[in-house]
Amino acid sequence: MTSKKTLSNSPLKGEETKPQVSPLRGDLVGSVLTAALSGGSDYADVFVEDTRISSMVLQDGKVSQAQQVCLYGAGIRAVKGTETGYAYTMDLSEEALMKAAKSLTPAVSPIPSKGEKKQSPTKTNGGAALSWQFTPSLEGTGEAIQSLPPAQVRQLLLQVEEKARALDASVIKVKAYISQRMQEVQFASSDGTAFHDFRPRTSLSVNIVMERGGQTQMGFASRMLQMGAEFFSETLLNEVVGEAIQQTDFLFSASQIEGGELPVVMAAGSSGILLHEAIGHAFEADFIRTGDSIFTGQLGKQICNPSISIVDDGTLPNDAGMLRFDDEGIPGQRTVLVDKGRLNSFLYDRISARHFGVEPTGNGRRESFRCMPIPRMRSTYMLPGEAKEDDIIRSVKRGIYAQSFTNGQVQIGAGDFTFFMKTGYLIEDGKLTKPLRDLNIIGNGPEALRRISMVGDNLRIDHSASMCGKEGQKVAVSQGLPTVLIDKLIVG
Amino acid sequence: MVNGQSIIYHAEQEILKLPAKLDYKLVLLKNHEDNIILRDNKVEKLLRATSLSLAINLYLDGRDGFFYTNDLRPESVSAFIKEAYETTRLLEPDETRTLADPDRYYKGGGPDLQNFDATLAEIDPQEKIKLLRDTAKEVEGADKRIISMQTRYMDRQHQAHYLISNGFDASEQSGYCTLTSIISVEGEGGQHPMDGWGETRLFFSQMPRQGIAPTALKRTLQKIGQRPAPSGRYRMILESPCAGNFLQPLLNAMNGQALQQKTSFLLGKLGQQVVSPLVNIVDDPLIPGTRGASLFDYDGVATQRRKLFTEGCLMTYFIDTPMGRKLGMAPTTQGIHHLIMEQGTRSKEEVIADSSRAILITDFNGGNCDPVTGNFSYGIEGFLIEQGIITQPVSGMNITGNMLDVWQRLSLIANDADPWETELIPTLAFEDVAFGGC
Numbered sequence: 146m147t148s149k150k151t152l153s154n155s156p157l158k159g160e161e162t163k164p165q166v167s168p169l170r171g172d173l174v175g176s177v178l179t180a181a182l183s184g185g186s187d188y189a190d191v192f193v194e195d196t197r198i199s200s201m202v203l204q205d206g207k208v209s210q211a212q213q214v215c216l217y218g219a220g221i222r223a224v225k226g227t228e229t230g231y232a233y234t235m236d237l238s239e240e241a242l243m244k245a246a247k248s249l250t251p252a253v254s255p256i257p258s259k260g261e262k263k264q265s266p267t268k269t270n271g272g273a274a275l276s277w278q279f280t281p282s283l284e285g286t287g288e289a290i291q292s293l294p295p296a297q298v299r300q301l302l303l304q305v306e307e308k309a310r311a312l313d314a315s316v317i318k319v320k321a322y323i324s325q326r327m328q329e330v331q332f333a334s335s336d337g338t339a340f341h342d343f344r345p346r347t348s349l350s351v352n353i354v355m356e357r358g359g360q361t362q363m364g365f366a367s368r369m370l371q372m373g374a375e376f377f378s379e380t381l382l383n384e385v386v387g388e389a390i391q392q393t394d395f396l397f398s399a400s401q402i403e404g405g406e407l408p409v410v411m412a413a414g415s416s417g418i419l420l421h422e423a424i425g426h427a428f429e430a431d432f433i434r435t436g437d438s439i440f441t442g443q444l445g446k447q448i449c450n451p452s453i454s455i456v457d458d459g460t461l462p463n464d465a466g467m468l469r470f471d472d473e474g475i476p477g478q479r480t481v482l483v484d485k486g487r488l489n490s491f492l493y494d495r496i497s498a499r500h501f502g503v504e505p506t507g508n509g510r511r512e513s514f515r516c517m518p519i520p521r522m523r524s525t526y527m528l529p530g531e532a533k534e535d536d537i538i539r540s541v542k543r544g545i546y547a548q549s550f551t552n553g554q555v556q557i558g559a560g561d562f563t564f565f566m567k568t569g570y571l572i573e574d575g576k577l578t579k580p581l582r583d584l585n586i587i588g589n590g591p592e593a594l595r596r597i598s599m600v601g602d603n604l605r606i607d608h609s610a611s612m613c614g615k616e617g618q619k620v621a622v623s624q625g626l627p628t629v630l631i632d633k634l635i636v637g
Numbered sequence: 389m390v391n392g393q394s395i396i397y398h399a400e401q402e403i404l405k406l407p408a409k410l411d412y413k414l415v416l417l418k419n420h421e422d423n424i425i426l427r428d429n430k431v432e433k434l435l436r437a438t439s440l441s442l443a444i445n446l447y448l449d450g451r452d453g454f455f456y457t458n459d460l461r462p463e464s465v466s467a468f469i470k471e472a473y474e475t476t477r478l479l480e481p482d483e484t485r486t487l488a489d490p491d492r493y494y495k496g497g498g499p500d501l502q503n504f505d506a507t508l509a510e511i512d513p514q515e516k517i518k519l520l521r522d523t524a525k526e527v528e529g530a531d532k533r534i535i536s537m538q539t540r541y542m543d544r545q546h547q548a549h550y551l552i553s554n555g556f557d558a559s560e561q562s563g564y565c566t567l568t569s570i571i572s573v574e575g576e577g578g579q580h581p582m583d584g585w586g587e588t589r590l591f592f593s594q595m596p597r598q599g600i601a602p603t604a605l606k607r608t609l610q611k612i613g614q615r616p617a618p619s620g621r622y623r624m625i626l627e628s629p630c631a632g633n634f635l636q637p638l639l640n641a642m643n644g645q646a647l648q649q650k651t652s653f654l655l656g657k658l659g660q661q662v663v664s665p666l667v668n669i670v671d672d673p674l675i676p677g678t679r680g681a682s683l684f685d686y687d688g689v690a691t692q693r694r695k696l697f698t699e700g701c702l703m704t705y706f707i708d709t710p711m712g713r714k715l716g717m718a719p720t721t722q723g724i725h726h727l728i729m730e731q732g733t734r735s736k737e738e739v740i741a742d743s744s745r746a747i748l749i750t751d752f753n754g755g756n757c758d759p760v761t762g763n764f765s766y767g768i769e770g771f772l773i774e775q776g777i778i779t780q781p782v783s784g785m786n787i788t789g790n791m792l793d794v795w796q797r798l799s800l801i802a803n804d805a806d807p808w809e810t811e812l813i814p815t816l817a818f819e820d821v822a823f824g825g826c
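Protein sequence lines correspond, in order, to chains A and B. The first sequence begins at 146 in this note's numbering and counts up one residue at a time. The second sequence begins at 389 in this note's numbering and counts up one residue at a time.
Hints were generated in silico from the structure; no laboratory data involved. The beta carbon of each residue, even a glycine, is placed where N, CA and C say it ideally should be. Heads up, a few of these hints could be off.
Stated by the list, open to error - Derived list of chain B stretches under chain A, where covered just means 3 residues or more per stretch with a C-beta under 8 Å from a C-beta of chain A:
id, segment
1, 556 to 566
2, 572 to 582
3, 817 to 826
Unchecked claim - Straight-line C-alpha distance at most 25 Å; calculated DSS-like pairs for lysine-lysine:
id, chain 1, residue 1, chain 2, residue 2
4, A, K615, B, K430
5, A, K619, B, K418
6, A, K207, A, K318
7, A, K308, B, K650
8, A, K247, B, K736
9, A, K244, B, K418
10, A, K318, B, K650
11, A, K207, B, K736
12, A, K207, B, K714
13, A, K207, B, K470
14, B, K409, A, K207
15, A, K318, B, K405
16, A, K318, B, K714
17, A, K247, B, K418
18, B, K606, B, K736
19, A, K579, A, K542
Claimed, not checked - Heads up, incomplete: computed chain A residues facing chain B, CB under 8 Å, no partners named:
id, residue
20, V208
21, S209
22, Q212
23, T229
24, L312
25, T435
26, L577
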């Protein structure tokens, strides 16, 4: 976790980010939702967003590039059963919102198939009769909605360059990037739910290129948290720069190995990508509803060793996946996916929860007002076990110790997942020996879970800048894992 | 809604009012999208939207800021530009960061690229839904093992108006539509193999009315029983739709930014033979009726047919104006538009029949390539080929190696590139590639 200590040589004062728009009035919400329901839908919601992103880049020793982005608009959704109509507009006038809401009609009133009668509109208790209270959920965000002024961002970036060059004389290039994002959201739905939230997100990314004896290597490190100006500290800068230098240095001595099936020890922290790819996506309830997921029909069943419990958590303070409310107005919560080896819950949005007759778990998320919410992960991690990491490594005759990762992927139906190990070690006779790099590790979700034979006591949540993509939408997530041993995976 | 055309001139006026003289590039973007998903004969999702946004580059004595907003209320644009100016002022000068030389701008008179279907946004969504229903109907009840079938229709219209302070004022437009079928089936051991097939066209009227869903079903059923083949060295056959993925690291390594940051395995290799002499690739943005066709790039620079690889020699890098100055090289273009690899004469089937021990890769599953060294490891799936015959569907395997080394071992180029893609890469065969499996 990042320390909240501010820079001793440069006290950082944030500047207040003022709430920018409040376009939703209770009566307008009523009219818009009534219009959205008029095609026969049984549920409607409206999501209004004003997001400001500012970023600066250090390259070649200079901070000579900056970016500012403003995303402003509303998405309106009408749902009938599992059918969804969606429209968005960047014009928040009453006329434009009403036009968008009325345009939804064809989606939920498709051409009837032969022999199918066109249904009459469903009566609902939605519409102007309800009132919507947009209670700002600012508790705990007061400090976070201070963003760092550009002049101070520039100073921090210059410090990154200075620190990197001081740590290692073979550094030839430093590229660093600071991004500050503030998303203001207003949401209202036909069941009377409403919220108004401010979601800050700040990140620091550092790329290092080093040259030694004619060889060049590049390493990378980053952090991303839901914080404002208080994100930055001397400790944070030292950590991120230090990690990037360490990784680059490691790559000079590391090599690839011939592929094959081997035991894999996943180091605590970013190895949580295992959970994200191996089970997380396949637990998203839209894939369960359609029957595509390999975990379909497994609810309540013992799927792995009773020493394993896995959660998806929207309540970790400042975590990239933290949500006070999800993008469908469901309060943030912690969902136990696997409880002592038993499949306890999937990740539900409103539509899939209604389909299965359960409560939504607060996993309905969207990239922006341009996108429909779908089930997504938040912070996915395994609860700690009892084994010591040294004992786990000692138990392996020949295998891989996987330390840092760049990306992963999963095939929902087959359950085959991959993740890319950037750095790690060969384990020989219970000891870490040869440094390794650039290995793709493949497994099958349910099978890999069953093959976890040891769980360490050292859970660590990784706060690298981690974005997850699904159906073209990217959302911020995090993941964590204690050190675990998987008896067999394909490494290449 | 604001008047689209007027907002760009409003923004220009606001920039001219700023206390310092700046160069600028303004791009007004208008996009229309329709996105419809049909599942179990029901419209699961329908999204229709038109969006308008403004991208602004400000150049102040070597300081370069990029700004983007879709809040186009005139007062918001005015405030946004003032804020953008204040941010740009804070940057450090970098004399390389300027607009392109106006002599290189597109001057007009180019051909009609025939890549914009003006009717896409006007077509009644019900007509698009009917296309989806007709597509889905082709495999209705065709196989008891089908678990779910999703049919997707998507179209995009893109229009942009460019206004650049050193003498460029032009518009461009393009569009396409895509129809895709994705099917999952009951497999072995509780697995649910899933695959799909899609077709892309520039005009709605060109969209194939049959064959998409049956192809998707055939591809999915072929995947039943996937398992890893033994580790070893095989001939690697890359099927056309995914062969382009294997070229991407080479294209990334040609990027000026990667070269300047010394993070490219093609650094210092211009003019050298870096891949098999069989490789001839051009980028040709000026062929009417093709995807990616365009008369100028994002900097306003006129496009041209450009050789990327000739008989395996690297012929160019992708260098924009700032990178050209940093590297002391003449600028070229920012990247590819419509890439064409010279095809061979044999079909994919003939290449398979000619292979005694090979793995046909139909899709990649994760993996990565180190941009500095070119070392890669990718997850793959496809089929094992023994004595010219497909004997087993495979998955859970990796390929590993070095990009330049493997591209030197390209031995066969087939003739089956899809003319509707932005990258026309046919099926390719490479000798002696390392596969990791069971």
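Against the structure, the hints:
1. 556 to 566: violated (count 0)
2. 572 to 582: n = 7 at 8 Å, threshold three: holds.
3. 817 to 826: Answer holds; 5 residues pass the 8 Å Cβ test.
4. A:K615 <-> B:K430: 22 Å, holds
5. A:K619 <-> B:K418: 22 Å, holds
6. A:K207 <-> A:K318: Measuring from Cα to Cα gives roughly 11 Å; hence the hint holds.
7. A:K308 <-> B:K650: 20 Å, holds
8. A:K247 <-> B:K736: 50 Å, violated
9. A:K244 <-> B:K418: Measuring from Cα to Cα gives roughly 18 Å; hence the hint holds.
10. A:K318 <-> B:K650: 8 Å, holds
11. A:K207 <-> B:K736: 51 Å, violated
12. A:K207 <-> B:K714: 13 Å, holds
13. A:K207 <-> B:K470: Holds, because 23 Å separates the two Cα atoms, which is no more than 25 Å.
14. B:K409 <-> A:K207: Between K409 of chain B and K207 of chain A the Cα gap is close to 22 Å, so the pair holds against 25 Å.
15. A:K318 <-> B:K405: With Cα atoms ~38 Å apart, K318 of chain A and K405 of chain B exceed 25 Å; violated.
16. A:K318 <-> B:K714: 14 Å, holds
17. A:K247 <-> B:K418: 22 Å, holds
18. B:K606 <-> B:K736: 17 Å, holds
19. A:K579 <-> A:K542: With Cα atoms ~14 Å apart, K579 of chain A and K542 of chain A stay inside 25 Å; holds.
20. V208: 6 Å, holds
21. S209: Since the shortest Cβ distance to chain B is 4 Å, the answer is holds.
22. Q212: The hint holds - Q212 of chain A has a Cβ within 8 Å of chain B, the shortest such distance being about 5 Å.
23. T229: For T229 of chain A, the interface hint holds, since the closest Cβ of chain B sits about 5 Å away, which is under 8 Å.
24. L312: 19 Å, violated
25. T435: Holds: closest Cβ of chain B sits about 4 Å from T435 of chain A, inside 8 Å.
26. L577: At 20 Å from the nearest chain B Cβ, L577 of chain A fails the 8 Å test, so the hint is violated.
Taken one by one, the earlier hints fail for this structure at numbers 1, 8, 11, 15, 24 and 26, listed in ascending order.
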